[in-house]
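Student: So the chains spell out like this:
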Amino acid sequence: MRVFKLMLFLNLILLSSLLSAETPKKDPTRALIGVRYFSQTMGNVHQNASRYSQVLTTISCNHPVKILKITSKDGKDLTSLGDPNWTFVGVGPYEGYIMTSYLNEKKNSCLEEEYSKFFDGLELDINDLYYWARLYDQYVQDKSKVRQ
Amino acid sequence: MKRIICFSFLFLVTTVFGNETKESPAEVTPDIIDFSSIKDLIKKDGLEGELKKQQVEKQQVLDKKKLSDMKRYNVPNADEFWNLFSELWLVKNATKLKWDFHKPEFDLEKSFISLLETQGHYEKKIKILLLDSTEVIHAALPTNDKEYIFLLSLPFIRTLDLSKVEISLILFEDYLRARRGYFKNYVTSKELEAYLGSNFNGKPFNKKLIDSHLLKMSNVLYEKGFNFQEQFELTQEMDTALKSDLKIWNTYLTLLEKIDQLTKTNSLYKKYSQIYPSPELQLNWLRPKPSRF
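Taken in sequence, the protein lines are chains A and B.
Residue numbering for the first sequence follows this note's numbering, starting at 1 and increasing by one per position.
Residue numbering for the second sequence follows this note's numbering, starting at 149 and increasing by one per position.
Please note that a few of the clues may not be correct.
[Stated by the list, open to error] In silico negatives: residues of chain B with every beta carbon more than 10 Å from chain A:
#1 ASN222
#2 LEU232
#3 HIS250
#4 LYS273
#5 ARG306
#6 ILE423
[What the hints assert, rightly or not] Computed, partial: chain A to chain B, Cβ under 10 Å:
#7 THR29
#8 ILE33
#9 ARG36
#10 THR41
#11 ASP77
#12 LEU78
#13 GLU114
#14 ASP120
#15 GLY121
#16 LEU124
#17 TYR130
#18 GLN141
#19 ASP142
[Unchecked claim] Here are the simulated lysine-lysine pairs, BS3-like style, with alpha carbons at most 25 Å apart:
#20 LYS117/A to LYS219/B
#21 LYS117/A to LYS258/B
#22 LYS145/A to LYS312/B
#23 LYS312/B to LYS406/B
#24 LYS143/A to LYS212/B
#25 LYS212/B to LYS251/B
#26 LYS143/A to LYS332/B
#27 LYS214/B to LYS143/A
#28 LYS406/B to LYS117/A
#29 LYS364/B to LYS117/A
#30 LYS66/A to LYS117/A
#31 LYS107/A to LYS212/B
#32 LYS294/B to LYS143/A
#33 LYS272/B to LYS214/B
#34 LYS145/A to LYS395/B
#35 LYS364/B to LYS145/A
Just so you know, the hints here were simulated from the structure itself, not pulled from any lab data.
Quantities reported herein were computed from a predicted structural model and do not represent experimental measurements.
Think of the CB as a built atom: it goes at the ideal place given N, C-alpha and C, for glycine as much as any other residue.
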């Protein structure tokens, strides 16, 4: 519970920085493709498809995100920008980019949900939550293949 | 006289009727139903069974809620704990390690995964975190066997001008060290092991235990490092693993020579031999012994 309160506070701080930031322009051709769930402990929604781009909001595991698609008048997809590593999403009032590999179609088994009191006991402050989300921006990840 | 007879008669009447009413209380309180008389009827209707069923269901709901409330106080088991704990340590040491910085895409993960697969290590998830400092040169943090977290100093890579293969070999050495559980053994304690997988419902959360182990982890990575025996065993394992490909085995040897030279000449890396003793010894262990003839 404490973690969620801190998350809310973090979002409020990020909102102030958002006021100066430009979000993708509203377009009548935008469409909701589906809903996915964030699969990591913490993560950020970025203004652009880059891990170093401005952070719009921070989300925690199992947070539902709307997958959005914006197409231009001539039918061009303006959201994916040809990079499959990033997905254009809507989270609350924010619209931005999130790493595709961090999204799941189904709800995940999240440690902070399963061990909520343990997480509360860690007494993570706003700084910790910020860095935990940044950690998942900075990780370079991969997985070795299944034995043939 | 007549009066006396009249009173006596009235007294007699009240006494007789008064006794009769006491003997049959059912007639006084006609609202109370004697269920014993309709017990068989209720049994036939199955109402008693229904009541019991409802009571059992209610109890089950209460038990389930109680159990779910209790589960919230569970401590992660060892398999889940170490990854979480290592990330917590990274979060708490973010400013010292300087991992939150803008860096180029090296595609290190691809070359390292390729090496892992060549060596027959499948289905291993890797997370590499580059550091903009020399506080930790390279390390694999304690995790479970499915997922590994690697730290790698970017200034170190740049100073030695390491190739992707050489970087992969450093990561592979860390990977084997983590698999052997050396790091975890240094950090863990009997108290922590007993705490993992337990439940602290009704007790305060043991934050001191977590904090003290975070300090132990810092001590291993910043000060204490690993011992000679561990380094020897690890070098032997690297030797065996890489010997099938002489090209890569030679690359490993060259890499150790480079590191040995750096730690002896650059004061920024003087702690390296203290943490991983020592590149010079590793070279001695690896180099073929001169023949007597």
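Student: Would you mind marking each hint as holding or not holding in the structure?
Tutor: To see whether the hints hold, each was checked on the structure:
no.	hint	in the structure
1	ASN222	violated, 6 Å
2	LEU232	violated, 6 Å
3	HIS250	violated, 5 Å
4	LYS273	violated, 5 Å
5	ARG306	holds, 17 Å
6	ILE423	holds, 23 Å
7	THR29	violated, 32 Å
8	ILE33	violated, 27 Å
9	ARG36	violated, 20 Å
10	THR41	holds, 7 Å
11	ASP77	violated, 23 Å
12	LEU78	violated, 24 Å
13	GLU114	holds, 7 Å
14	ASP120	holds, 8 Å
15	GLY121	holds, 3 Å
16	LEU124	holds, 8 Å
17	TYR130	holds, 9 Å
18	GLN141	holds, 5 Å
19	ASP142	holds, 4 Å
20	LYS117/A to LYS219/B	holds, 9 Å
21	LYS117/A to LYS258/B	violated, 38 Å
22	LYS145/A to LYS312/B	holds, 20 Å
23	LYS312/B to LYS406/B	holds, 15 Å
24	LYS143/A to LYS212/B	violated, 38 Å
25	LYS212/B to LYS251/B	violated, 50 Å
26	LYS143/A to LYS332/B	holds, 22 Å
27	LYS214/B to LYS143/A	violated, 39 Å
28	LYS406/B to LYS117/A	violated, 48 Å
29	LYS364/B to LYS117/A	holds, 24 Å
30	LYS66/A to LYS117/A	violated, 29 Å
31	LYS107/A to LYS212/B	holds, 22 Å
32	LYS294/B to LYS143/A	holds, 10 Å
33	LYS272/B to LYS214/B	violated, 38 Å
34	LYS145/A to LYS395/B	holds, 24 Å
35	LYS364/B to LYS145/A	violated, 34 Å
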